[in-house]
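Going line by line, the protein sequences match chains A and B. Using this note's numbering, you'd call the opening residue of the first sequence number 1 and step up by one each time. Using this note's numbering, you'd call the opening residue of the second sequence number 1 and step up by one each time.
Keep in mind that the hints are not guaranteed to be accurate.
[To be verified] Over 10 Å on every C-beta distance to chain A, these chain B residues come out as not near it, computed from the model: (1) Tyr75; (2) Leu91; (3) Gln94; (4) Arg620; (5) Lys964; (6) Met974.
[What the hints assert, rightly or not] Distance condition first, Cα-Cα at most 16 Å in a straight line; then the derived EDC-like pairs of lysine to aspartate or glutamate: (7) Lys781(B) / Asp723(B); (8) Lys600(B) / Asp103(B); (9) Lys285(B) / Asp826(B); (10) Lys679(B) / Asp73(A); (11) Lys549(B) / Glu22(A); (12) Lys549(B) / Asp27(A); (13) Lys679(B) / Asp276(A); (14) Lys804(B) / Asp854(B); (15) Lys679(B) / Glu39(A); (16) Lys46(B) / Asp527(B); (17) Lys549(B) / Glu518(B); (18) Lys1023(B) / Asp956(B); (19) Lys304(B) / Asp73(A).
These aren't lab readings, by the way, just hints derived from the structure by calculation. Given the structure is predicted, the values throughout are model-derived calculations rather than measurements. Just so you know, even glycine gets a beta-carbon here, dropped at the ideal spot from N, CA and C.
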Amino acid sequence: MKTFAIILFAFFGLAACSDVLELTPTDAISTEVALETDEGVKQVLIGAYNALSASSLFGGELMRNAELFGGLDEIVWLGTFEAPREIYNHQILVTNVDVEGFWVEAYNLINICNNILAHIDVVKEADRNRVRGEALLLRGWILFELTRFFGQQYVAGTNNTQLGVPIITSPSAASTDNAFPARNTVEECYAQALADVTEAEALLPATNEVFATKYTAAAVLARIYLQMENYEAARDAAHRVISSGKYSLLPTYAEIFNTDGLTKECVFGIVVTATDGINAMNTYFSTLAYGGRGDIEIKQSFLDLYDPADTRKALYFKTANRWRTGKFNNQFGDINIIRLAEMYLIRAECNLRLGTAVGASPVDDYNKTRVRAGLPAVTTVTLDDILLERRLELAHEGLRVHDIKRLRQSVGSFAWNDPMMVYPIPQREITINPNLIQNPGY
Amino acid sequence: MPTMKYWLLVACLLQAVIVFGQTRQLRGVVVDEQEEPLAGVTVLIKGTSIATATDADGRFEIAVPVAGATLVFSYVGFQTREISVTTEQQLRVQLFIEKKLMDEVVVIGYGTQIRSQLTGSISSVEGEMLERLPVVSVEQGLQGKAAGVFIEANNGKVGGDIRVRIRGATSMDASNQPLFILDGIPINTYYINDGVDITLNPLADLDFNDIESVEILKDASASAIYGARGANGVVIITTKRGKSGKPQVTFDFQQGWSKPTRLREFLNGRQYVDYFLDAAVRGGKYAYRMGLGNFDSEQEAIDKYTQRVLNDLAQFANGTDFLNNPVSTDWQSLAFQKAPFSSADLDISGGSDRIAYYLSAGYAFQNGILLDNNAKRYNINTNLDLYPGKNINTGLSLHLIRNANNTVPNDYQFTTPMQIVAQAPITPLYDSTGELTNYPNATYQSPLVDAYNSFNLSVTWRSIGGVYAEYFLLPGLKLRGEAAADISNLNTNAYYGKKSDLGKPVGGYGYVYNSTLENYDVKLLLDYTRTWNEHTLSLMAANEYQRYKLQYSEADGTGFPNDNLNNLSSASQIVYYVGNSDEYRFLSYLGRAHYSLSGKYLFTLTGRYDGSSKFGENRRFGFFPSAAAGWVISREPFWNNNQTLSFLKLRTSYGITGNAEIATYQYAGLFTVSTYADKPGLSPYTLPNPDLSWEQTSQYDLGLDFGLLSDRINGQLDYYFKDTRDLLLAVPVSATTGFTYQTQNIGRVTNTGIEASVYADLFTGKFSWNAGLNVARNWNKVVEIAPGQDIIDYSGSDGLNVMKVGYPMGIYYGPEYAGVDPATGDALWYVNAEEGSRETTNDYNAAHWVILGDPNPKVIGGFNNTLTYGAWSLTLNFQGVFGHLIHLSGDHWMNGGAATYDNQIVEALNYWKQPGDITDVPEPRLFFDNGNQARSSRYLSDGSYLRLKNFSLGYDVPEKWCRKAHLNGLRLYMSAYNLLTLTRYEGWDPEVSADGGVSNYFFSFDFYSAPQPRTIVFGVNMKL
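The whole structure should be built from the sequences, with the hints applied where relevant.
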């Protein structure tokens, strides 16, 4: 019997050891641990910038798609990927993977920002305003981007009851949190974005390594107000950036691009290194020789808009008989998101529209980029001159479709307010969330 | 640590058991029906491993317990006999020629069983059915051999993924592969991803010439003993072991070659030029008509489009006269290579009453049909059994493997050789400087440039080994301990040269991936069998602990001085690095009771209590029981020994199994590492779910085993119903949460099916014909997904497979193609807004999505024949898969109407040309989409096929000639794999799934997938 006792003991000897099943991962930590310390929350803020730099967002596709969406008359999509081709042709399927990726990554970023904001109290007091300001800025900025792609253009002087996107301001701790929101109106979205970015400007410091500053927020405000046709506020925000003295135009146009390291002209940029980040502008605009796919050709008719003496034209190059932009030829180069030149052109446009001369006269601001491009200064300027200069100076940097919309222009046969000038809400979201209403025409 | 305590106890037990058992010597002789002595007959004391063999005069001597014992006499080709001995001193035993499949010993989980006494549904495949097949992986040898077991290689790449589905798929997000047990060890079968989306099949490491038998456990009575991992069925592989007798030495060598089973026909140069010139005219007209592109007149649009095509084609033509005398490069043929195959094996086995051994060494070199794809495998196997004392058996197994695989990128990557067919035929292979023509002078980056300027070599070193010891504590009571390990080291070295797609912009791109996978398994098992009067009772209880750990690291570098200095240390910059580990554990207690009354009434109960680290703290352990009963009707007195229906057994079982094959830590709420600007950060990764647990499958089985004409014909019929609940599902979550998926136990899938198999000795004697036929039909149904959810759709714009409630998994869903508008050439789709209406639209977005067809085969089967005539033998194994559609997604490029410059299949020429044309191919319009959306029923094709999977012809050289050559036997043979295929499939090969992204959701999906190889080898087999 003793033997059997031993056997029985051996059998159940392991029973006491069920703690062998308690394991912890080696590449992740629990949510509670991540958000309970000053260091943790600050690392989550780095995670927010990482989300912002996703290829679907400021890693490049967001800007690429703004160019494709407004590009029928100036560029050609040559690539094999269907999603960008649909965007270029304004024949977007509700299953378009790039549209879905944009939505998904944007709300991922918003959730990260909301997590930071909800745990802001554990951040050391000395850094709290900065961290809070960065989270607010990123949340408001991406909401603005979502709104202008998924909702029809904001029209000043109306109630803007057309649908924007859902506004989310709290973190998700379970899969049902924030899962079934309805779309807010464009008016509400702009109000939320303005509130976040305005507060961010007040909280943020003037310098902040490679991250967002007070002037990043001001520049974003200038963009938002310009899109809203609020020219006074746009002008003043742009003026705050210019008059800060933190930034300066580089002597030549070519040296702005393909840099490793953000330049003095860059108000905000995405940092890409060989080991971190992706430059999706390079992927699509550049050619094989520079690590790109060579998917986008620049039409000759667009190049013809440049004065023959314009040095900016020299940045275009020809491979395989097709014109390409040379702005994105560094596979691991940083990506300019907002440049000082844009602020000069916003201030010029707004001053001219308003008949004011805040900071400088419109023609002086206009001459800034023109003279740098090797062209003679002029003494008078029209609105059309400024808008053309804007198109030439900031070409292929992600502003095109938004300018077409706010200027009531059209692309191909699509008018600025055509139903096909906004993205469809991704089908996956419509399927899961019955409260979402699809855009007309999809 | 549990393991320490464990082995200390085993050591104690070792001492405790030696005192048992008193024996005496028993002598005897074994003869055949003609009273001739039989040499080499195994004589085994039942319930033990104590065995001996008869000598040349048929004599044997064995120590039997004084208390009495049952002796089992077995010999290949003869019926096994059991004889009880009590006090006899001498035995004379007569053996009869084997006819009865029913008396075979079948390997079941944690033990063996005589087939007639089984209550579960188990298919067995003898090792000799697999031997010498010219394939690399054991599953390929099983295709068509077992009822209800669906096996399909994703494509024709050597060493790639192979899907095995036993009685249908039960899971959406966990694995549907069965559990593979090799000699008692759950071996690693996870496809190893070497970091660049190339998967390697771990089963391809095994040398299947060393396999004695493969048993496939299908119902719950058989598989519930594997608890939380039994839901997909279990495949038990048993390797050959030595038998006592003089050494047997066998040498086998074979050599042959492979070719693609099928090719497709593409446009030649002339056709290509004409096609695109016409498409330009049609594109220009369309652009003008639709107001796209600001043209003042139709002619202006046509001229601009035509000029555009002329410019582009001129570029692809590289200075050749494409208008008058176009080059016609056959790019498809360049994707393939000469594919020799060779293998050799040397086996030695034998033994005495103290030791039995089986040793083998072999190699198999298989070149894939696809450029740059090959596998070289070396195996050394050792199985030793030692009988050091009367009550002790012990032994070890060791399988050492080196498997080197030159892999090619997955289907979704443009560098994969098959995508070469997209190149324009007017592009010459070499440009004027003698270099391979490449983008931008070819339509796309040339896969040939990649093939010649890069390599991707994965080498696996794998050791699978184990030791066991058995002690007979009392008559019929056995204690067995086992410790085993399956350890793999994978090293992938890849380099993309300065001319390749990836390497060009960065001056060469190289990477190294290393992983170590350790899988340990220890178990302690008690086994008790007692027979008294008409009762037989077998009890088994065991506990088992398994630990799995994967560690990996990868580094990628760029900027190499030249293509010969391609080691990572030559890289000027490290651009990517990753390293991590992953671990899970299982702790299990299990038991089985089998009771037989008069060999007529059979009952089996099993249970397993399984815990796994993969599950949330609230539900870490689960219990998996099964119960089964069998009734051997033919042994009832009233059956009167009817020899027409000579065997009849009714059996039924019910039980619960689980599926735990998900990623680790899915239950936890986690933040993971994310970096920006090379600074460390954290990002949300998962939402917590402490209730996460295994999927639960309950299965009911009703079966009938029968024998006809004195068991010359045997068969099995089975009906089953599998009900899987609490699916481990990556439930789509509204992205406004910040997350897209969460793994939850939600959803339900059922599989209902019937299986039939018949084996018959149609002829015996000088001409013999042995035939086996199996057929199965499975009905799969998604019953429930998340609450309120009707569909899961990950297919995007390229695929069609979805999970939809009420339909089989992966059902095709999307717009229904309605052909071409005869008036305009526009592609049409059925609106399908209401049922019954056949209204059409030319607006793809306006078509409502509907069910378009089933990617799951309705019927699968096999028909296996072995014929012999004297010294000649012929094997014909047919395999068939019927009643499903395949999505030819790649055809939206290959038959895509000039939306891009991809070369087209010849069927594309049947396009709409003028009003009134009736055709299925829409008008091609340069750079415009017209019906070329991949997500459409247009690209579905019937995937049914019947295939002569294996054809082999052998000749045994007469004995007198062998003797002159001092050989005991010599066999010459030829063997062919995939020799004939009957199918209406329009793509390359109907046995297909793209390996880029294939999953439980995504299958029967053809995207530039390499066709299967047709392999023919000639071989010689010598017994020395």
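Verification of the supplied hints:
1. Tyr75: 36 Å, holds
2. Leu91: Leucine 91(B) clear of chain A: closest Cβ-Cβ about 33 Å, beyond 10 Å.
3. Gln94: 40 Å, holds
4. Arg620: Since the minimum Cβ distance to chain A is about 6 Å, arginine 620(B) lies within 10 Å and the statement is violated.
5. Lys964: Consistent with the label, lysine 964(B) stays out of reach of chain A, its closest Cβ about 59 Å off (over 10 Å).
6. Met974: 44 Å, holds
7. Lys781(B) / Asp723(B): 10 Å, holds
8. Lys600(B) / Asp103(B): Holds, at about 14 Å.
9. Lys285(B) / Asp826(B): 13 Å, holds
10. Lys679(B) / Asp73(A): Answer violated: lysine 679(B) to aspartate 73(A) is near 41 Å, above 16 Å.
11. Lys549(B) / Glu22(A): Answer holds: lysine 549(B) to glutamate 22(A) is near 14 Å, not above 16 Å.
12. Lys549(B) / Asp27(A): 14 Å, holds
13. Lys679(B) / Asp276(A): At roughly 9 Å apart (the allowed maximum being 16 Å), aspartate 276(A) and lysine 679(B) satisfy the hint.
14. Lys804(B) / Asp854(B): 12 Å, holds
15. Lys679(B) / Glu39(A): 13 Å, holds
16. Lys46(B) / Asp527(B): Holds - the C-alpha atoms of aspartate 527(B) and lysine 46(B) are around 13 Å apart, at most 16 Å.
17. Lys549(B) / Glu518(B): It holds: about 5 Å lies between the C-alpha atoms, which stays within 16 Å.
18. Lys1023(B) / Asp956(B): Within the cut-off at roughly 11 Å; holds.
19. Lys304(B) / Asp73(A): Answer holds: lysine 304(B) to aspartate 73(A) is near 15 Å, not above 16 Å.
In summary, the numbered hints that this structure violates are 4 and 10.
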